[in-house]
Amino acid sequence: MRRLSLRLVALGYLGLILVGPLAMMVVRTAEDLDGAWAAISAPETLEAFKLTLFVAAIAVVVNTVFGIVCALVIVRGNIPGRGLLNAFVDLPLALSPVIVGFSLVVLYGVNGWFGWFQRNGYEILFATPSIVLVTVFVTLPFVAREVVPTLREIGTDQEQAARTLGASGWQTFWRITLPAIRWAVVYGVVLTAARAIGEFGAVAVVSGNIVGETQTATLRVEDAYQFAYGNYAPAYGISFVLAATAILILVAMIFLQPKEDRR
Amino acid sequence: MGFVTAYLLVIVVLPIAAVVWKSTGNGWSGFWSVVSSPQAVSALKLSVVAATLAVLTTAVFGTLIAWVLVRDSFRGKSVVNAIIDLPFALPTIVAGLVLMALYGPRTPIDVTIGGISFDANVTFTRGAVYVALLFVTLPFVVRAVQPVLIELDQELEDAAKSLGAGDFTTFRRVILPAILPGILSGVAMAFARAIGEIGAIILITGNLPFKTEVASVYLFHRIEQDPEGSAAVATVLLLISFVVLLGIGGLRFFVTRHERA
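Residue numbers (our numbering), protein chains in the order written: chain A, 15 to 277; chain B, 922 to 1182.
The following block holds chain A by itself, in its conformation from the complex (with noise of 0.2 Å):
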């Protein structure tokens, strides 16, 4: 009895809080179906979702190399200042996006440490590279806390097996150590996708979103809804694509999990 009150609260809370808004938004989305997909399918929009797919794809490839090679040195490495390292690597998620954003306009403004590129025409600022240097900042976490605890796990028997028998460094990272993190290293890859593309923030500072060019499909949402004038359809048909794209991870998220069940 006390066991199903507390399940009833407790899908209760999740129904208030997460199932029914999102609900809510579908239903929303579907009172004008004509609205919405006219706003999914203008130019702006798909140049907006082009350049999310793009920053993102970026953020992936960067991060993913950094995360590794930064829990390697973490674990495996015997430098002092590990400890100090593990923190900084944690930093972006104590930090507002708005602060994120912030630090990069006051970095490569013109008056700036790193201005110089601003004043000689290679723009940083209001231009796709600051978009792509804020999205690698907020997601620079992801794959490297991922990776950590399972390298940590594995330990290293197997590992100084192959070099006794003769592999190089190289070969010992392909064929042992990268296998045996592979789905850390995906899962990472997967929330650091989900948070690129969801990036508002940061990117809202940098960006000068401008439309068909600097415009990411969050920045557009937003748009979206403060230009409505009473038609709330674009925005809720933009989100629809971006709820849908997000629930799409959560489903890739339950298939990557290890058969173990790593919760």
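It is worth saying that the hints were derived from the structure and are not from the lab.
As the structure is a prediction and not an experimental result, all values here were calculated from the model.
Each hint should be verified, as a subset may be incorrect.
[As the list claims (entries may be wrong)] A few chain A residues that face chain B, going by a derived Cβ cut-off under 7 Å, partial list only: (1) 27; (2) 35; (3) 108; (4) 113; (5) 124; (6) 190; (7) 215.
Cβ coordinates follow ideal geometry from the N, Cα and C atoms, glycine included.
Assemble the complex: chain A is given as a structure, and chain B must be docked to it using the hints.
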């Protein structure tokens, strides 16, 4: 090692250092006059209070949900378990719009009982900040507590009960001490997230100065006109985050002292 350090330095550390450096651009008096201005104080206060209230709520319900997911069994549990991660996967601006659909001006929750009408429209109120933060912080505590509960032997709970402990006593004396470090880790992550949140907040709160404008939105609107002042407020926000995170870390250190001894 060199690659990792250089990468972190360029991508993360230098930009943040630049903001802190920039905040000193107008001297100490310039820093203080912006940070102590009524609007900035009001925004910072709202951020801290709303984040604290939301995170405390999330700590209670997150722990409860984690317990139900680990110890209870019912149909569709794996689906519920997957839904918990929704706020991680959903773009924050979409989260704001999703909340608007249920808690906006056209809310379907609108009842009149005995002449008193109630509706769930929270837009342009501080309640909207709270609701948005409940949404984005939910997974942190659940995901921090869940693995600890899985590891915790059910037999301990059964033993406590067979020795005559009630449900509440069992929770307080057996379960809570084991999961408290997990709760604190989740709370720390959730607080850091809540105090800097913008996407989920910006649509539903209306960003009214002195009322629903949080620190991150205050910054967002001021960056271009007043970079030095914005840097000052950003530095204060960073300091608040780090002090709170250190405090929670210290508390966690204290409650796990027996394990290390």
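Mind listing which of the numbered hints don't hold for this structure, in increasing order? 5 and 6
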